[in-house]
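**Q** Protein chains in written order, with numbering that gives the first Met the number 0: chain A, 0 to 599; chain B, 0 to 601.
Don't take each hint at face value.
Cβ pair distances, simulated, as ranges [what the hints assert, rightly or not]:
hint, chain 1, residue 1, chain 2, residue 2, range
1, A, G338, B, D68, 53 to 61 Å
2, A, G263, B, E122, 57 to 65 Å
3, A, R139, B, R127, 13 to 21 Å
4, B, E81, A, Q518, 15 to 23 Å
5, A, E241, B, Q389, 57 to 65 Å
6, B, T210, A, E483, 44 to 52 Å
7, A, R139, B, G486, 28 to 36 Å
8, A, Q518, B, D27, 37 to 45 Å
9, B, R577, A, E241, 37 to 45 Å
10, B, H163, A, E276, 23 to 31 Å
Please keep in mind that the hints were generated in silico from the structure rather than gathered at the bench.
The beta-carbon is built from N, C-alpha and C at its ideal position, and this holds for glycine as well.
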Amino acid sequence: MAPKAEILVCGGTSCYSSGGPDIYKNLIEELKRKELEEKVKLTQTGCFGFCEKGPVVVIYCEKEPNGIFYCQVKPEDSERILKEHIINGEIIDDLLYEDPETGAKIPGHEDMGFYKYQQRIALKNCGLIQPYKIKEYIARDGYRALGEALSHMTSKEVIEIVKTSKIRGRGGGGFPTGLKWELTAKAKGSPKYVICNADEGDPGAFMDRSILEGDPHSVIEGLAIAAYAIGAEQGYVYVRAEYPLAVERLEQAIKDARELNLLGEDIFETGFKFDLEIRVGAGAFVCGEETALMQSVQGERGDPRFKPPYPANKGLWGQPTVINNVETLANIPGIILNGGEWFSHIGTEESTGTKVFALAGDIHNTGLIEVPMGTTLREVVFELGGGIPNKKEFKAAQTGGPSGGCIPKEHLDILMDYDSLIEVGSMMGSGGLIIMDEDTCMVDVARFYLDFTQDEACGKCTPGRVGTKRLLEMLNKIVEGEAEPNILEKLEALSNQVKKSSLCGLGQSAPNPILSTLQYFRDEYEAHVFEKRCPAGVCEALLDYVIDEEKCKACGLCAEKCPAATIEGDKEEGYTINSEACKSCGICEEECPFEAITKG
Amino acid sequence: MLVTVTIDGQEVEVSEGTTILDAADMLDIDIPTLCYLKELNEPGACRVCLVDVEGDANFQPACVYEVTDGLKVRTNTPQVIEARKRVIELLLSDHPFECLTCVANQNCELQSVAKQYGIRDLEFGGERNKFPVDDLSPSLVREPSKCILCRRCISVCAEIQEVHIYDVIERGFGSVAAPAYNESLMDTPCITCGQCIMVCPTGALHGQDDTQKVWDALADESKHVVIQTAPAIRVTIGEMFGLEIGSLVTGQLVAALKRLGFDKVFDDCFGADVVVMEEGHELMERLESGKDLPQFTSCCPGWVKFCESFYPSMLDNLSSCKSPQQVFGALAKSYYAEQAGIDPEDIFCVSTMPCVAKKYESQRPEMDSSGHRDVDAVLTTRELGEMIKQIGLDIKKLPEEDYDEPMGYASGAGVIFGSTGGVMEAALRTVYERITGERLEDFELKSVRGRDFKEAEIDLKDGRSLKVAVARGTGNARRLIHRIMNGEAEYDFIEVMACPAGGCVGGGGQPIYSGRDKWLRMVEDRAHRAKGLFEEDGQKEYRVAHENPFVKKLYDNYLGDPHGERSQELLHTSYVDRQLYTHEERYSDKKGEPMKVAKKNH
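Next up, chain A with everything else stripped away, as it sits in the complex (with noise of 0.2 Å):
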């Protein structure tokens, strides 16, 4: 006799294109076959963050074992997860998490370092419920918020709560929210508009499509609540095109809203009136800086404009205007809830609450973590993230996206938040955060943040179209090893130059990814310049030939075809490439039958 038991299937996109669908499609058979359906409830849930090990599936249960925490799981696996968990109450070892230090397998999430130190309030609901039933987030107190504002606070008294709670946006700026909010209250003009920034474009970050794709209807309440403090009655939702899951989701979500009159006329019966459109952008990263992307909702080409006037004043149509992240928005109805104070104490002074991470790159947990203000990098990257893999040093961290910086080793007991990671030359940005091991070479990342900046560059701005192209060009120099003497001074006065005199955000912190590496691998910038040589053996031009002795057979051939006769030695001594002469051509590479031959 089976137990009672929900079984949750993770539906974010990274375990959606890894076999997710599948598996939620056999389990329902497999249900059905084992005639468990009445017992058994199968939840699609939104992300569970645990990208890495996906798709995931947890299992609850009335019986132990429950709440276990079953990973990279396979279609074919649906049959043995009714079969020996369901029926038969047994754990189902090979489909655990396995410690990457110690090895051990453990069952349940708590006891997880991902998850151990995790403060869940934006992803509060992201693993738990099914996105797309409005009545599973009401009954986790969802539009409670919006109701007790709506009935029992006036729109003063809101932005109060919000400024008491010390929010700042989780966007990049960090501006703090109630502030944004009373200036958009209090400046003159009619409508006004509340906008949600979905236009989440930073390289390898995904908080927000989580949030999207989990919890769609905590940013609708938490625009709805916006809407309310500063007196608006429309409102937008700007969601990258990149991101179809998120907007189905979100569509479903708003139209679930619609019918129970959470969103529509006299919401809650006292005379609200609040609705919501999406508007989906085209890709351009550049549509996430606020004025461009007010000009794409108004469906004009998304071109930043000189700032103030800011949003607050005249925004969307020249109207006062409210634009707030996903993750900000999402964290609103908790706060209402739980007032001001309580968020306050979350988090350190300045930065207070939690904040999303995509963690990234060269560690053994990737994936989505939520985390008080001020945990320290060290803790994110070895106890949350399991470490560095392969028994590889740290070498840095990347914050921020292209607008952010490199944190190296020395500072890894800095506390994540918005004031010390400007400190430090780098920024909080919307969270992406991407850990980097010994094996990587500093100036190519700077190349490539570059080469995604000047390519998304609007162009409208001289320092943003051919400054941010100038220092790639420059980088590309380096890496090449065909860079001058005084590349580096250049390199460095011209990204001031573009930092101190771009129009908008993106041309203003395009330069930071290069200037926080010459602060802390000014070094390897050197190597790169005047020994013409890559430290961590990465940029392919400076690398040199050279021959593996314990592969090498010494049979000569590669000195025979060798055309520039740079290869030296004899049949007893073995032979050596003569690395100042080498014209890299790579025929000693391809003619040498024991590949003895690489790169390094």
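Since the structure of chain A is already known, use the hints to place chain B on it.
**A** For chain B alone, coordinates are given in the frame of chain A:
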């Protein structure tokens, strides 16, 4: 509210909302600009006007930064100068170094600012954009490699003309101001008005150069080369020789043209007088029949193309009369040829116009009613000025000479064609007199809805009255048409000139001035230039077209009645309901034929 601002240590009181640029100007501190055009284009994009605002970590653009009380600004620190230099250097690093052969040489805002800031080499050189030249349009040439993304062309075309040809396409380093899908201007609804040329700070947009065609004709002894001068040329060409804006130099112009070697120098105003006769009679006929009213003027080819492209339902309302240029051309190769006993085949008809749209107009396929291409080459004021300079003449120092007969004498009516409202007034002088038997005195147009357009009502003294309106700039024309379509207004006769700054006196072929206030100056200039035209009107012995003895002779000896059979054949035309974008059409028609490729791309 007045606020006090400190700029470079000097205090100045300005009203709140003044830009740093304007506040500095009050202290006689000049801050350079490139993209900025006051009241037309203020994107804050080029960053040449950077200044240091106390308390701001970043430099700020003076052109769009509005001052607040107590603001402290430094415009003269070495850091600010360096920042500006770097911006200019970056612009130059993506600019072709073709200054010596560039149309904008010595009249280029980028060149001037580079000189002002002493840019001698480029520290940050690199890849340059190489965009193909688009010279398929008979009127305009686009050299996008010279575009500095100032967006002035976008603004003037969208905000003033409301034609919306340009926007920025692509992004990042590859972005450029261009028509949709980077089509050739020829395949867009570009009305060829050339206002984008007037505001372009570099040589990225300019007119087609037809001077060589004219030199070749002058060199060809078998050709009898005649030239007609548009009304608006006589008040602007002097500016190219350092004369004050609006100086009237009709006689000197004639002298210069004779010395250039034209066999006959005629006045396009004669053509304008004929247009008055034709268009006036057409209007009287329409007033009789009540059909196809209001009648729109049709002498502006930019407006005609605008109407064909955007309001084809209004085509029957356009006067079927050709423009003075084409009327003149058709008469030159028929009436004049017959009178002078010259084979029209041997006549090369040149016109000099304040306009680049006239180049397009002369090449419209239907403009051959004389049996030949009615007008062979069109020179703008700028091109003609250059030709005069090339033969070493200074218009200031030339004696006054008279136009040749029989197509050189014009009434005052023909002369005022060059100013906005002039065509209307010229036609009304004749129509009014024909209907009432009295002179039209004190004709005055009153502004309607701000500056959008003007209107007037004239009592015809027979119980009828004539309601007329004048719009300059196609944006204003659009609003006027919409009022008519919505039934908010009713008119009998409407004059439209495509060029916003006073019609032809502010045409796309007129002298170009550099500078951030050039847009406002163009508006002021036109008043001076129009004054010049009305001055000549006042000096004329005959001020109404139908009293012009040469016009009378033309009708008596050659054409017969105005709007009669011969006139309709020679001097009237028809219009085309145009596709907006024609690229596919053009290539599908000519499948298998080699594509026409811009000359400069070879």
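**Q** Are the hints correct? Go through all of them and say.
**A** Here's how the hints hold up against the structure:
The given range of 53 to 61 Å is broken by G338(A) and D68(B), whose C-beta atoms sit roughly 39 Å from each other. Taking the beta carbon of each, G263(A) and E122(B) are about 60 Å apart, inside 57 to 65 Å as hinted. Checked against the given bound of 13 to 21 Å, the beta carbons of R139(A) and R127(B), roughly 58 Å apart, lie outside it. For E81(B) paired with Q518(A), a C-beta distance near 22 Å keeps the hint of 15 to 23 Å intact.
Under the hint 57 to 65 Å, the C-beta atoms of E241(A) and Q389(B), about 59 Å apart, fit the expected range. In this structure the supplied range 44 to 52 Å holds for T210(B) paired with E483(A), their Cβ-Cβ distance being about 46 Å. Distance hint check: the CB atoms of R139(A) and G486(B) are about 58 Å apart, inconsistent with the given range 28 to 36 Å. Take Q518(A) and D27(B): their Cβ atoms lie about 43 Å apart, and the range 37 to 45 Å holds.
Checked against the hint of 37 to 45 Å, the C-beta distance between R577(B) and E241(A) comes to roughly 39 Å, which is consistent with it. The hinted window of 23 to 31 Å between H163(B) and E276(A) holds, with their beta carbons roughly 25 Å apart.
The structure fails to meet hints 1, 3 and 7 from the earlier list, while all remaining hints are met.
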